[in-house]
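Peer 1: Each chain is listed here by its residues.
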Amino acid sequence: MIHPIPPGTRDILPEEKLELRDLGEKLLGAFAQFGYREVATPTMEYEGVLERGDEWAAGASYRLFDEQGQVLVLRPDMTIPIARMAALRYVDAPPPLRFCYLALAYRSVQPRRGQQREFLQAGVELIGVPGLAGDAEVIAALCQALDAAGLGEFRIGVGDGTLYSSLARGLGVEAEPLLEKLAERDFVGLERVLGDLEIPAGQARALAEIPRLRGGPDVFEAALELGGEGRIDEAIARLRELNDLLGDYGVADRVIFDLGLLRELGYYTGAIFEVYDPAFGFTLGGGGRYDDLLGRFGKPGPAVGFALLVERLHIALAEEHEETLEGEAELREGVLVVGGLDRDVELARRLRERGLTVDAVLAGTPDPRGLARDRGLRHVVTATGSARATYEVVSGERDPSIEAAIEL
Amino acid sequence: MTGLAGDGLQIAIPQGALFEGCLDLLDALGMDTSGLRSDSRKLLYEGEPFSVVTMRPSDVPTYVEHGTADLGIVGKDVLAEYNPRVYELLDLGFGACRMVFATPAEHDHARQAQRRLGEMRVATKYPRTTAAYFERTGRQVEVIEVRGSVEIAPLVGLAEGLVDLVATGRTLEENGLVVREEIATCTARLIANEVSHKLKGGAIDAICASARAWTGGEHGAS
Numbered sequence: 001m002i003h004p005i006p007p008g009t010r011d012i013l014p015e016e017k018l019e020l021r022d023l024g025e026k027l028l029g030a031f032a033q034f035g036y037r038e039v040a041t042p043t044m045e046y047e048g049v050l051e052r053g054d055e056w057a058a059g060a061s062y063r064l065f066d067e068q069g070q071v072l073v074l075r076p077d078m079t080i081p082i083a084r085m086a087a088l089r090y091v092d093a094p095p096p097l098r099f100c101y102l103a104l105a106y107r108s109v110q111p112r113r114g115q116q117r118e119f120l121q122a123g124v125e126l127i128g129v130p131g132l133a134g135d136a137e138v139i140a141a142l143c144q145a146l147d148a149a150g151l152g153e154f155r156i157g158v159g160d161g162t163l164y165s166s167l168a169r170g171l172g173v174e175a176e177p178l179l180e181k182l183a184e185r186d187f188v189g190l191e192r193v194l195g196d197l198e199i200p201a202g203q204a205r206a207l208a209e210i211p212r213l214r215g216g217p218d219v220f221e222a223a224l225e226l227g228g229e230g231r232i233d234e235a236i237a238r239l240r241e242l243n244d245l246l247g248d249y250g251v252a253d254r255v256i257f258d259l260g261l262l263r264e265l266g267y268y269t270g271a272i273f274e275v276y277d278p279a280f281g282f283t284l285g286g287g288g289r290y291d292d293l294l295g296r297f298g299k300p301g302p303a304v305g306f307a308l309l310v311e312r313l314h315i316a317l318a319e320e321h322e323e324t325l326e327g328e329a330e331l332r333e334g335v336l337v338v339g340g341l342d343r344d345v346e347l348a349r350r351l352r353e354r355g356l357t358v359d360a361v362l363a364g365t366p367d368p369r370g371l372a373r374d375r376g377l378r379h380v381v382t383a384t385g386s387a388r389a390t391y392e393v394v395s396g397e398r399d400p401s402i403e404a405a406i407e408l
Numbered sequence: 001m002t003g004l005a006g007d008g009l010q011i012a013i014p015q016g017a018l019f020e021g022c023l024d025l026l027d028a029l030g031m032d033t034s035g036l037r038s039d040s041r042k043l044l045y046e047g048e049p050f051s052v053v054t055m056r057p058s059d060v061p062t063y064v065e066h067g068t069a070d071l072g073i074v075g076k077d078v079l080a081e082y083n084p085r086v087y088e089l090l091d092l093g094f095g096a097c098r099m100v101f102a103t104p105a106e107h108d109h110a111r112q113a114q115r116r117l118g119e120m121r122v123a124t125k126y127p128r129t130t131a132a133y134f135e136r137t138g139r140q141v142e143v144i145e146v147r148g149s150v151e152i153a154p155l156v157g158l159a160e161g162l163v164d165l166v167a168t169g170r171t172l173e174e175n176g177l178v179v180r181e182e183i184a185t186c187t188a189r190l191i192a193n194e195v196s197h198k199l200k201g202g203a204i205d206a207i208c209a210s211a212r213a214w215t216g217g218e219h220g221a222s
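Each protein sequence line maps, in turn, to chains A and B. Our numbering puts the first residue of the first sequence at 1, with every later residue one more than the last. Our numbering puts the first residue of the second sequence at 1, with every later residue one more than the last.
Worth flagging that the hints you see were computed from the coordinates, not collected in a lab. Just so you know, not all the hints are guaranteed correct.
[Claimed, not checked] Now the in silico label distances, taken between C-beta atoms and shown as ranges:
1) A/Gly172 with B/Thr62: 40 to 48 Å
2) B/Gln114 with A/Gly172: 27 to 35 Å
3) B/Gln114 with A/Glu184: 28 to 36 Å
4) A/Gly295 with B/Arg115: 49 to 57 Å
5) B/Gly16 with A/Glu184: 20 to 28 Å
6) A/Asp253 with B/Lys42: 50 to 58 Å
7) A/Ile2 with B/Gly148: 29 to 37 Å
8) B/Gly16 with A/Val49: 27 to 35 Å
9) A/Glu264 with B/Arg115: 40 to 48 Å
[To be verified] Sample of chain B residues at the chain A side, in silico, Cβ under 8 Å:
10) Glu174
11) Gly176
12) Arg180
13) Lys198
We treat Cβ as the ideally placed atom computed from N, Cα and C, and that holds for glycine.
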């Protein structure tokens, strides 16, 4: 019989689950080092409340009704819920507030590997630290977390969500149609729209080429040269200062400044970032500054944060350590105890008391060695009832504490 | 592993109508295309400064989107139809075709079907492009997706008209079909994976600059 589950959802079986738990703990551990404290918020929220944060409720796709006919949504991210929580429960708390999370969120995307409808996010929100000081810390925390996870080659793309509109406005050009093309990643379309406008060639060039600039701090000079009368001096000065701060955090070499970077969610007001790794063809997460959001919940204040897509991170890690995907899984330090459920429960108990993982099965279970291998266990102990239990290793060295436990 | 994880660049190019143009561009970019130009069945050509993999046109966006190819060359018709999450960097200017709506020259039932039955049937290999076009222009149609030789559809009564990519127009003409409406002009485009675009930015920008120069020269800017 087939029992389907909704598209974009998955059952996570023990081996994968163990790896995801391990990864989650490393990420939370790194966040904790920066003073971020883990919180949880409801999986379901009132649609009307989330809409206070963003008119599209940040893309919430799954709706339910409660017994009073109120519309609830499954949360599409954690940023709006945490903003709601902070505005509600930390009204008079002195800044900064640092929250982190490891939580599931829900969106009706086209399901693919690393992009599910029910997906795991790990992230932080830093509330009450305005401007670059906050942006820099959050980027540094992000780098620390990715390092802790073991991702060796990642880079963080950093841009400014307001830069292009400032440029356009400074040149007297309407930004909307241009931003639309940039959001679609369509540089050909962008040039076409610019070609249709009757503006001086230098200005068209600035609007076409500045968003293509990405790399180290050398892009700042290039942007200023191209920019002319466009009002980008402030945004560039901010990015320059951010670069200095990131140097102090020791992460400047991980950053790629990208003057064409745009993020999809509508609530970003300043710096924006994305995470890249050469082992994976899609971004691993991102974030930015969103200074207007808390005010919409009644407690105005600056805020900045990011979310990592943990499943994608997991895939990137596996791909980076490609060789571990070949061959058999490593066996764990655990004992299969044949008869540990019935013939000699005390033996199983003694082994557990020594801190060993014990997988007990009934006496007479066939092919214990094969079973141990399947379950990833290195040791097999077979209870014999009257005589001393037998002990064999599936691979590697014998464990003296198991020998000792059998002796008694 | 090539693509994102390797140091070089991997480019996916389409077999078929755009293949020759791609080879000319690759020549201009400094690649030795003799292997590609030979009769070999090989699909992957590894080399410096980039590797090339050939495939059917509609697969190019998939490989680029997933990052197994850093760059790709593909017609705008395919891009518009599949709307992949990739950067569209440059109009390469070659392979110009028109996306058109055509019906039989004689026995044209399209307008009557529209008026009396409320909608006409349009056969096409580009269902999304077709649906979007007719919606944009205010007409209700039934889009019938076919996988090949779409010209047959109106001739045997599967549909009143078709939407297809047309180069010289000879195929339509020989099948007694006439272009009624022009939907778009499609040329070959250079696309990039969103992560490669950042991590291999220097190399990609260099290729873009050379390709733009080549486009401006022989083939004219568009």
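Peer 1: Against this structure, judge whether each hint is valid.
Peer 2: Okay, the hints, checked on the actual structure:
At about 41 Å, the beta-carbon gap between A/Gly172 and B/Thr62 stays in the expected band of 40 to 48 Å. Between B/Gln114 and A/Gly172 the beta carbons are some 45 Å apart, a value that contradicts the proposed interval 27 to 35 Å. Between B/Gln114 and A/Glu184 the Cβ separation comes to about 32 Å, which falls inside the hinted range of 28 to 36 Å. Evaluation of the 49 to 57 Å hint for A/Gly295 and B/Arg115 yields a pass: the beta carbon distance comes to about 55 Å.
For the pair B/Gly16 and A/Glu184, the supplied restraint of 20 to 28 Å holds, since their beta-carbon distance comes to about 26 Å. Take A/Asp253 and B/Lys42: their Cβ atoms lie about 39 Å apart, and the range 50 to 58 Å is violated. Between A/Ile2 and B/Gly148 the beta carbon distance is about 33 Å. The supplied range of 29 to 37 Å therefore holds. For B/Gly16 and A/Val49, the Cβ-Cβ distance of about 53 Å falls outside the hinted range of 27 to 35 Å, so the restraint is violated.
The hinted window of 40 to 48 Å between A/Glu264 and B/Arg115 holds, with their beta carbons roughly 42 Å apart. Annotation: B/Glu174 was flagged as interfacial toward chain A, and the flag is violated, the nearest CB pair being 33 Å apart, outside 8 Å. The interface hint given for B/Gly176 is violated, since its Cβ lies 35 Å from the closest Cβ of chain A, which is over the 8 Å cut-off. For B/Arg180, the suggested interface contact is broken, since its CB lies about 26 Å from the closest CB of chain A, more than 8 Å.
Proximity of B/Lys198 to chain A holds as hinted, the smallest CB-CB distance being about 5 Å (cut-off 8 Å).
Of the numbered hints given earlier, the model fails hints 2, 6, 8, 10, 11, 12; all others are met.
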